[in-house]
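Asks: Listed here are the chains, written in short residue letters.
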Amino acid sequence: MIRGRGVEKRYGRKRVLRGVDISVPRGGFAVVTGPNGSGKTTLLRLLAGLALPTRGDLLVDTDRSHIGYLAHEPLVYRELTAVENLDLYGRLYRIPERRERIGMLLERFSLWDARAERVATYSRGMTQRLALCRALLHEPDLLVLDEPYSALDEDGAALLDHELESLAGQQTLVVATHDPERMAALESSRLALA
Amino acid sequence: MGLALVLALIVAPEDADQGVSQRIFYIHVPIALTAYFCFGLGAVKALLLLWRGDERYDLESYVAIHQGTIFGALTLITGAIWAKASWGVWWTWSSNQLVLFLVLFLFYCAYFMLRFSLEEGPRRARSSAVYALFGVALIPVSFLAIRLAEDFIHPTVFTREGPQMSGSMFATFVVSWGAVTLLAYVLYRVELAGKRLDADLRELREALQ
Amino acid sequence: MTYVADVLALTRKDLRVELRGRDTLPAMLLFVLSTLVVFHFAIPDDAGDNAAYGLLWVAIVFTALLGLARAWVPEQEHGVLDGLVLAPCDRSAIWLGKTLATLVFLLAAQAVALPAFVLFFEPLDATAIAGVLLADIGICAVGSLLSAMAAASRARELLLPLLVLPLSIPLIVGGVGAAVSPDGERFLLFLVLYDAVFAVLSWASFEYVVTE
Numbered sequence: 001m002i003r004g005r006g007v008e009k010r011y012g013r014k015r016v017l018r019g020v021d022i023s024v025p026r027g028g029f030a031v032v033t034g035p036n037g038s039g040k041t042t043l044l045r046l047l048a049g050l051a052l053p054t055r056g057d058l059l060v061d062t063d064r065s066h067i068g069y070l071a072h073e074p075l076v077y078r079e080l081t082a083v084e085n086l087d088l089y090g091r092l093y094r095i096p097e098r099r100e101r102i103g104m105l106l107e108r109f110s111l112w113d114a115r116a117e118r119v120a121t122y123s124r125g126m127t128q129r130l131a132l133c134r135a136l137l138h139e140p141d142l143l144v145l146d147e148p149y150s151a152l153d154e155d156g157a158a159l160l161d162h163e164l165e166s167l168a169g170q171q172t173l174v175v176a177t178h179d180p181e182r183m184a185a186l187e188s189s190r191l192a193l194a
Numbered sequence: 001m002g003l004a005l006v007l008a009l010i011v012a013p014e015d016a017d018q019g020v021s022q023r024i025f026y027i028h029v030p031i032a033l034t035a036y037f038c039f040g041l042g043a044v045k046a047l048l049l050l051w052r053g054d055e056r057y058d059l060e061s062y063v064a065i066h067q068g069t070i071f072g073a074l075t076l077i078t079g080a081i082w083a084k085a086s087w088g089v090w091w092t093w094s095s096n097q098l099v100l101f102l103v104l105f106l107f108y109c110a111y112f113m114l115r116f117s118l119e120e121g122p123r124r125a126r127s128s129a130v131y132a133l134f135g136v137a138l139i140p141v142s143f144l145a146i147r148l149a150e151d152f153i154h155p156t157v158f159t160r161e162g163p164q165m166s167g168s169m170f171a172t173f174v175v176s177w178g179a180v181t182l183l184a185y186v187l188y189r190v191e192l193a194g195k196r197l198d199a200d201l202r203e204l205r206e207a208l209q
Numbered sequence: 001m002t003y004v005a006d007v008l009a010l011t012r013k014d015l016r017v018e019l020r021g022r023d024t025l026p027a028m029l030l031f032v033l034s035t036l037v038v039f040h041f042a043i044p045d046d047a048g049d050n051a052a053y054g055l056l057w058v059a060i061v062f063t064a065l066l067g068l069a070r071a072w073v074p075e076q077e078h079g080v081l082d083g084l085v086l087a088p089c090d091r092s093a094i095w096l097g098k099t100l101a102t103l104v105f106l107l108a109a110q111a112v113a114l115p116a117f118v119l120f121f122e123p124l125d126a127t128a129i130a131g132v133l134l135a136d137i138g139i140c141a142v143g144s145l146l147s148a149m150a151a152a153s154r155a156r157e158l159l160l161p162l163l164v165l166p167l168s169i170p171l172i173v174g175g176v177g178a179a180v181s182p183d184g185e186r187f188l189l190f191l192v193l194y195d196a197v198f199a200v201l202s203w204a205s206f207e208y209v210v211t212e
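Residue numbers (this note's numbering), protein chains in the order written: chain A, 1 to 194; chain B, 1 to 209; chain C, 1 to 212.
Since the hints were derived computationally from the structure, they do not count as laboratory data.
Below 20 Å or equal to it, Euclidean Cα-Cα: the simulated SDA-like pairs (lysine to any residue) are:
| no. | chain 1 | residue 1 | chain 2 | residue 2 |
| --- | --- | --- | --- | --- |
| 1 | A | K14 | B | R123 |
| 2 | A | K14 | B | D200 |
| 3 | A | K14 | A | G34 |
| 4 | B | K84 | B | N96 |
| 5 | A | K14 | B | D198 |
| 6 | A | K14 | B | R205 |
| 7 | A | K14 | B | A207 |
| 8 | A | K14 | B | E206 |
| 9 | A | K14 | B | R202 |
| 10 | A | K14 | C | A152 |
| 11 | A | K14 | C | E212 |
| 12 | A | K14 | B | K195 |
| 13 | B | K195 | B | M113 |
| 14 | A | K14 | C | T211 |
| 15 | A | K14 | B | L59 |
| 16 | A | K14 | A | S38 |
| 17 | A | K14 | B | E119 |
| 18 | A | K14 | B | E203 |
| 19 | B | K195 | A | R13 |
Sequences and hints are given; from them, build the entire structure.
Replies: Okay, structure coming up:
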């Protein structure tokens, strides 16, 4: 469950988020929209716990170990392979049977064949799919996704559609996107930032 | 301040060994103590920032360290004058106090470099605060290091244990110390008020847009 | 126990990245050897035996700086540091993992540099070597924290030496003292004190440097 009132974030003299109210119930699917520079990414970083609001109250009643965050950047090491990256995160998140979990995710996002290659050799779409695997690795209760469809080709986007459908209703989701219509069938609330 | 100058220059008796040059002691040492005090204040405010997360401590810590660095530079200058007057050289590595201030001066100049190359915001506030805390840990550690270094760099030539201060010398010292501390406090307040006004104005302008 | 496991996982990852990219260690090795050769020409013949020890310490500090400047480069690419900060491990484990990895690189560079120093210049006794090891710990502990700070700034590589050098002066005093003073143990004790104070300070403050 997420509840925020008058959330404001400033970086020095620059105000990036001004008085945002947000409320997402457990199992809700919130879509965050708004033009570039409206603070979508900042709001998502606050929800993920990477930053604290400058003013206002923000309550996210999910522990750090149960939040999954997909950022603009893939958050994986370029010099490591897909398996090595996920294995490191698997250890840090203390995932039981992480080998099986990693194998399953790589299969599902069609990265299995490229599992032993360095991320530096991946295309942008493959890197994004790996980033999704990283965000889903520990089966989070709260999933925060920043522009998840960016860089994905049609097959990748279809995979993600399918994934979101199966997650909706069970996990809490907050998705920032330019293309809200894509998720219109799943969303339970929408927040438009200006 | 004026009273302190009068006392230091005229009233206090002359030191038997060092003569007139001893009078700079009444300026040099209070300035050095004030610089330490400012660095300490900056570190306390830094600790409060990390602990409470209130960004107003960031500005206070910065202003305190700014004042400390100014007084630190003055310590180096007055120390150099003292060295010239009593030992005939502008710089001596055998004065532990001066060497320590040189190290601290470099350290706090790096503090400003750090601040100016980070984007304004909580990360800058926190990094500066952590560095300010390193500074107060560095003061005693460096002092110890400089004492230890005498061992192999050179034997101690000058000892600072002069004759005990007489009553009127001590009174003069205390008055000038008070005067310098007051001066530092006023400067701290003025700079802080200026910086705050600046921030308020910016916020107001932003709100009006 | 999970803390130790986290730290080891992070250190192992750094070693693996380095083995694959070979970005840092060869540069450190070549740098420290080149510096020693430069010193041969920089010290006049009548400078006395102890001058060489001083220069050894300059070489050590600058080699460490070279390694530290690159310490967080793998994390800067693709925003990995955010990923690590999000993980439920204690944030100080990220610092400790990086400190250990940097320490391994520095020790590897010195495994070549110290014998080369003995060959080219002066002998090193056990106290001097203990001084090197203790100072390594201190400079890696402080340096990996300051390097994370510098990595977030505009000046980056330029800023790091300015931040580290004033803090490394006590280490140099301790290290040179351990090498040249007849009473070297006193300096080792001082280095232990330095390591304890600054390691605890860095350990406790890392979390603040990587969150906002």
